[in-house]
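**Student:** So you can see what is in the structure, the chains are spelled out below.
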Amino acid sequence: MHIEVTAEPLDPQRAVELVRRDDAGAVVVFLGVVRDHNLGRRVLYLEYDAYPEMARRVMRELAEEAMGRWPIVDVAVLHRIGHLEVGETSLLVAVSSPHRAEAFDAAHWLVDRLKERAPIWKKEVFEGGEEWIEGELPSPR
Amino acid sequence: MHIEVTAEPLDPQRAVELVRRDDAGAVVVFLGVVRDHNLGRRVLYLEYDAYPEMARRVMRELAEEAMGRWPIVDVAVLHRIGHLEVGETSLLVAVSSPHRAEAFDAAHWLVDRLKERAPIWKKEVFEGGEEWIEGELPSPR
Amino acid sequence: MKARVLLFARLKDLAGVSEAEVEIGEGLTAADVFRLLQGLYPGLASYDAPLAYAVNARYVSPEHPVRDGDEVAFIPPVSGGGTCTSR
Amino acid sequence: MKARVLLFARLKDLAGVSEAEVEIGEGLTAADVFRLLQGLYPGLASYDAPLAYAVNARYVSPEHPVRDGDEVAFIPPVSGGGTCTSR
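Chains as they are written, first to last, in our numbering: chain A, 14 to 154; chain B, 14 to 154; chain C, 1035 to 1121; chain D, 1035 to 1121.
Keep in mind that the hints are not guaranteed to be accurate.
Within a straight-line C-alpha distance of at most 27 Å, the following computed BS3-like cross-link-like pairs (lysine-lysine) qualify [to be verified]:
#1 LYS1036(C) / LYS136(B)
#2 LYS136(A) / LYS1036(D)
#3 LYS1046(C) / LYS1036(C)
Computed footprint of chain D on chain A, listed as stretches where at least three residues anywhere in the stretch have a Cβ under 8 Å from a Cβ of chain D [said to hold, decoys possible]:
#4 44–54
#5 115–124
#6 130–141
#7 144–152
Hint data in this document are derived by calculation from the structure and do not stem from the laboratory. Owing to the predicted nature of the structure, the values given are computational and were not obtained by experimental measurement. Where a beta carbon is used, it is the ideal one built from N, C-alpha and C, also for glycine.
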């Protein structure tokens, strides 16, 4: 399992290599990418803020939960923070498994949960202003 | 849309670049990888045979169908043929979309359909023998 | 009347060739052309798995008529992609 | 008794600080500490969105007791990942 919160650019080839194993026939990779518009506004760039130690813990716990729920082989979760331009990758999730259905299901589940629970925030800087985007309120469990 | 049947190694970073657009916030990539065992046998390597012109047509038709079924932005389908070692990538499917659920669903659907319909075959060379793997019988439609 | 025939995977190994030009009669179907090939390439007689047919790079039914100049491909069950299974 | 408090995203902008050491009384909950911070940093008084709480990097309920030396984080609704929406 590989967990990373970093200001460096994220590389999908590296994520594939982190999870690839000789006994896994399928790898599914998700990239969350900075879009050029949101809510009808033209986005100039994003700033990601995070509580890095806690974000890593939440990412690790969710990756462990995914590995318990599905017969997958390995998981990598990488989140970029700081200044991101349009087209850059903010989130990389890679899952390897013997069977492709599990890799798709586990990767999709992980992305949904990360967006609900990882203590990471984005500020959109658009033409004419900026705003912290507030999405999901995490709950204790 | 990008369709390729090639004897060259497949690169997931390139597949991401082929489908990434500034208005797509999600990219899902699937890699089919050569596994070191199958049906209880230790696999040494694979040989992929194809009917390349028809494989490209089937891949293009399925990619077009996916773009009609889901609000996705772009699709790349790349299949490698010839000699592949364990750990190498035989199939790369990349889908970009504004919404992640569609990218996951469309990529999964495309991989399932390609394995049913693309005129491509693999010969497994294992310890003690070799065998053409026969999977799905395509039907006209 | 001639057709170009294409053989893949196990069929190619059984026949010992991957493609050929064959003389065909009027009114033959794709399945008829395969039976004709089984006469020309005795190795094909032992092929007992299901078979699909393509004419000019499109899947067709076994009853599809073959015309002069057509490219007829005999398609064993396909197995592209990786070595993952679906579930 | 002291706690280290962490503020993120909009809370950080409203308070003008991202972390501080604060003196706390006995028996305060995570929610009590936030009310205390609203007194110390008046900008926080205008915060009206939902809020989650973490003590020592774990999510807790608003009623969770804060002890000496704890790290208390105030978590506005999160928005990590890309800019794709779920559907």
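**Student:** Confirm or reject each hint.
**Tutor:** Checked hints:
no.: 1; hint: LYS1036(C) / LYS136(B); in the structure: 31 Å, violated
no.: 2; hint: LYS136(A) / LYS1036(D); in the structure: 31 Å, violated
no.: 3; hint: LYS1046(C) / LYS1036(C); in the structure: 20 Å, holds
no.: 4; hint: 44–54; in the structure: holds (count 6)
no.: 5; hint: 115–124; in the structure: violated (count 1)
no.: 6; hint: 130–141; in the structure: holds (count 7)
no.: 7; hint: 144–152; in the structure: holds (count 8)
Figure legend: structure checked against the earlier numbered hints; hints not met, in rising order: 1, 2, 5.
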